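Each chain, letter by letter, is given below.
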Amino acid sequence: MIAVYIIIGIVVILLFFFFGTYNSLVRLRNRVKNAWAQIDVQLKRRHDLIPNLVETAKGYMRHERETLEAVTNARNLAQKAIGTGVGAQSQAEAGLSGALSRLLAVVENYPDLKASQNFLALQEELTSTENKISFSRQFYNDSVLNYNNKTHMFPSNIIAGMTGFKASEFFEVTVAEERIAPKVSFT
Amino acid sequence: MKCPTCNNLMIVVEHNEIELDYCTNCQGVWFDSEELELLLESISLESLNLFLNNIINFPEAKSSEKKRRCPICGQKMRKTTIGQQPDILIDVCQQGHGMWFDSGEVGQLITQLLDKPSERADTQGRVITFLGEVFRARD
Amino acid sequence: MWEQIRSNQIRSVILVAAMAVLLLLIGYFLGVAFMDNGIGGLVIAFVIWAVMNLIAFFQGDSILLALSRARKIKRDDHPRLYNIVEEMKIASGLEKMPDIYIIDDPALNAFATGRGPKRAAVAVTSGLLQKLNRDELQGVIAHEVSHIKNRDVLLMALCGVLLGTIVILAWYATHLLFFGSMFGGRRSSSSGGGQAQLIILAVGIVLMILAPIIAQLIYFAISRKREYLADASSALYTRYPDGLASALEKIAGSTTQLKSANKASAPMYIINPFRKKGRAATDLTSTHPPISERVRILRSMAGGASFADYNNAFRGVHKGGKGIISASAIASAGAVGLRAAEQEDAMRETEPGKVERSRQVSDLMWQLNNYRTITCDCGTKLKVPPKLKKSSVKCPHCGRINNI
Numbered sequence: 003m004i005a006v007y008i009i010i011g012i013v014v015i016l017l018f019f020f021f022g023t024y025n026s027l028v029r030l031r032n033r034v035k036n037a038w039a040q041i042d043v044q045l046k047r048r049h050d051l052i053p054n055l056v057e058t059a060k061g062y063m064r065h066e067r068e069t070l071e072a073v074t075n076a077r078n079l080a081q082k083a084i085g086t087g088v089g090a091q092s093q094a095e096a097g098l099s100g101a102l103s104r105l106l107a108v109v110e111n112y113p114d115l116k117a118s119q120n121f122l123a124l125q126e127e128l129t130s131t132e133n134k135i136s137f138s139r140q141f142y143n144d145s146v147l148n149y150n151n152k153t154h155m156f157p158s159n160i161i162a163g164m165t166g167f168k169a170s171e172f173f174e175v176t177v178a179e180e181r182i183a184p185k186v187s188f189t
Numbered sequence: 063m064k065c066p067t068c069n070n071l072m073i074v075v076e077h078n079e080i081e082l083d084y085c086t087n088c089q090g091v092w093f094d095s096e097e098l099e100l101l102l103e104s105i106s107l108e109s110l111n112l113f114l115n116n117i118i119n120f121p122e123a124k125s126s127e128k129k130r131r132c133p134i135c136g137q138k139m140r141k142t143t144i145g146q147q148p149d150i151l152i153d154v155c156q157q158g159h160g161m162w163f164d165s166g167e168v169g170q171l172i173t174q175l176l177d178k179p180s181e182r183a184d185t186q187g188r189v190i191t192f193l194g195e196v197f198r199a200r201d
Numbered sequence: 051m052w053e054q055i056r057s058n059q060i061r062s063v064i065l066v067a068a069m070a071v072l073l074l075l076i077g078y079f080l081g082v083a084f085m086d087n088g089i090g091g092l093v094i095a096f097v098i099w100a101v102m103n104l105i106a107f108f109q110g111d112s113i114l115l116a117l118s119r120a121r122k123i124k125r126d127d128h129p130r131l132y133n134i135v136e137e138m139k140i141a142s143g144l145e146k147m148p149d150i151y152i153i154d155d156p157a158l159n160a161f162a163t164g165r166g167p168k169r170a171a172v173a174v175t176s177g178l179l180q181k182l183n184r185d186e187l188q189g190v191i192a193h194e195v196s197h198i199k200n201r202d203v204l205l206m207a208l209c210g211v212l213l214g215t216i217v218i219l220a221w222y223a224t225h226l227l228f229f230g231s232m233f234g235g236r237r238s239s240s241s242g243g244g245q246a247q248l249i250i251l252a253v254g255i256v257l258m259i260l261a262p263i264i265a266q267l268i269y270f271a272i273s274r275k276r277e278y279l280a281d282a283s284s285a286l287y288t289r290y291p292d293g294l295a296s297a298l299e300k301i302a303g304s305t306t307q308l309k310s311a312n313k314a315s316a317p318m319y320i321i322n323p324f325r326k327k328g329r330a331a332t333d334l335t336s337t338h339p340p341i342s343e344r345v346r347i348l349r350s351m352a353g354g355a356s357f358a359d360y361n362n363a364f365r366g367v368h369k370g371g372k373g374i375i376s377a378s379a380i381a382s383a384g385a386v387g388l389r390a391a392e393q394e395d396a397m398r399e400t401e402p403g404k405v406e407r408s409r410q411v412s413d414l415m416w417q418l419n420n421y422r423t424i425t426c427d428c429g430t431k432l433k434v435p436p437k438l439k440k441s442s443v444k445c446p447h448c449g450r451i452n453n454i
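Protein chains in written order, with this note's numbering: chain A, 3 to 189; chain B, 63 to 201; chain C, 51 to 454.
The calculated SDA-like cross-link candidates involving lysine to any residue, where the alpha carbons are at most 20 Å apart (straight line), are:
#1 C:K300 to C:P340
#2 C:K168 to A:R29
#3 B:K64 to C:M415
#4 C:K431 to B:A199
#5 A:K116 to C:E406
#6 B:K64 to C:K437
#7 C:K444 to C:I454
#8 B:K64 to C:S441
#9 C:K433 to B:L98
Covered stretches of chain C (chain B as the covering partner; in silico rule of three or more C-beta atoms under 8 Å from a C-beta of chain B):
#10 404-413
#11 428-437
#12 441-447
Away from chain C, derived, C-beta distances all over 12 Å, residues of chain A:
#13 A5
#14 Y7
#15 V28
#16 H49
#17 D50
#18 T69
#19 N75
#20 G87
#21 I161
#22 A169
Treat the hints as calculated values from the structure; they're not laboratory data. Note that the structure is a prediction, hence the values are computed from the model and not measured. For each residue, glycine too, the CB sits at the ideal point set by N, CA and C.
Pulled out of the complex, with its shape left as it was, chain A reads as follows (with noise of 0.2 Å):
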């Protein structure tokens, strides 16, 4: 008789952990869902401002239409990118990001530009809007390694394996990529 009281009990609290584990493995994985969207949200942001800041610019840097060019073409590759995967986005963005850094290193050479009303609200844009790109990335990343560590480490991993979540991958960008990053920065 107590060992089927014991045994009743065993199976309740293997219930019990099961359905916890459970449920707190949707909640992490809801997290990085939407850490994710809001990557996304702040790349469309970054995709708006670019028209503007080209079309600002090109009223005052004549030389440089290929710089220009440059940074339209990288933000269309990335807008197509979108829904493409974590990998393959996160290569078209660090394209965006290197054309732009080269375009706001030759606007030093454009006092006017740099002087301009409209510029330095676009620019306040920018730098604000890479900043909540590097934070949502942080905070998205933050949230895949703490989903991770649940779906690998014992005895979580039993039950992530058996009800099939899968680990998630990571927004990399890679040192060299990083290094060239836009920096548009003031105080």
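Since chain A is already given, all that's left is putting chains B and C on it; use the hints.
Same frame as chain A, now just chains B and C:
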């Protein structure tokens, strides 16, 4: 802000990105220490604290003029002088909130500037020059 | 991080419970002393506390913001501030954007208030906006946002109410007791209940004197720990502890005292607004740890921006000993790198300097106060208060008459 002399509402005059409070009634000028700091940073080597301490610790001027109250903290201000020969009588807040120039004092520094312009290279001289420049057509 | 918040919450609940017991004890003794009914006093104390809690919960943030004369701003009023708050909202994973308020005050300070992550506000002084650069402002906002994220805002509001109730009740009690004993004590003759009553009264008097002090110490213990945690979170969110460190240095170096702060709202601020110049805040009796110490911890976070790095830096500054962050929180996160300062790159010349920042902020304050700006043909700007009874002003620089 209210004028420490006639209690009228003052307007703000921004010149070269420095704001001054100006009484359209009695034509006195309040130079706030926040703004003074901005001016000092752009023109000279002296820090605000040093500049204000120099003025506050300068011997109190003997004057029959009425004591005025600081428009920021409401405490009585100290009568003192800045510039050299002839020096200009001003009121300075002992808490370091700013300086008050009566109408006559502003007029005095404008005429001084007309007499011998650009002779003053020290910090006080430059502050006076700035004020005179801003209010050169006030009456 | 979540573990840290949870373990902090347990500790805080215990401390709050201790304060609540203290309050109920005061109520009990007040009841014994004045109504011959300990339970009655207890119930009255409880009711007072409950009512004040309700007020704090539903209106605490609005009251605090109104007392500080804070003005709510929109995105277009100050894009940089709005962007920075949004950045920190993203970095902390906060679900809702907090409201943003500006206090028209040259002193350098900031606070967060609200009920929790879903209803919260951050307020900064105009002086802070003028004096801090982007990195520094980001550090401060991160500190405040983490108060919201860590749910410190409601806890501190409720603790403040508890402390306030204890202090007020104890103050009245000691004065009434003193008053009563001067007139021979109306009760001593009536009951003649003997020694037991006297002992209770004696204990009560001691309690009345000690309770506010004990409650205050508990309160400080709660709030100081939260400040360290908010600093650590700020470093973690921004990945740049030097930003907050340099902001704290600027704040410490400023001599202007906040005009609208009062003792009850002091713990809400990023630094104690009643700090006296030249006196390092003392250890136990301060709501905030000394700034110099907070700066030293942040500055010595050399290896990274994680809680583990903050904890190591904390122990380094405190010469070994126990850390400030629980072990489970440190273990839950991986290594976190630092980022480079934004100013280090070539674009620095375009950043608005202190003068431009000042004009941006002061123009916003004029606008919020309904001043009209007239630009005279000579370039001088005249900013006219709404109540000025004049139809035109003369430009003092060039002599032109400008219509208002």
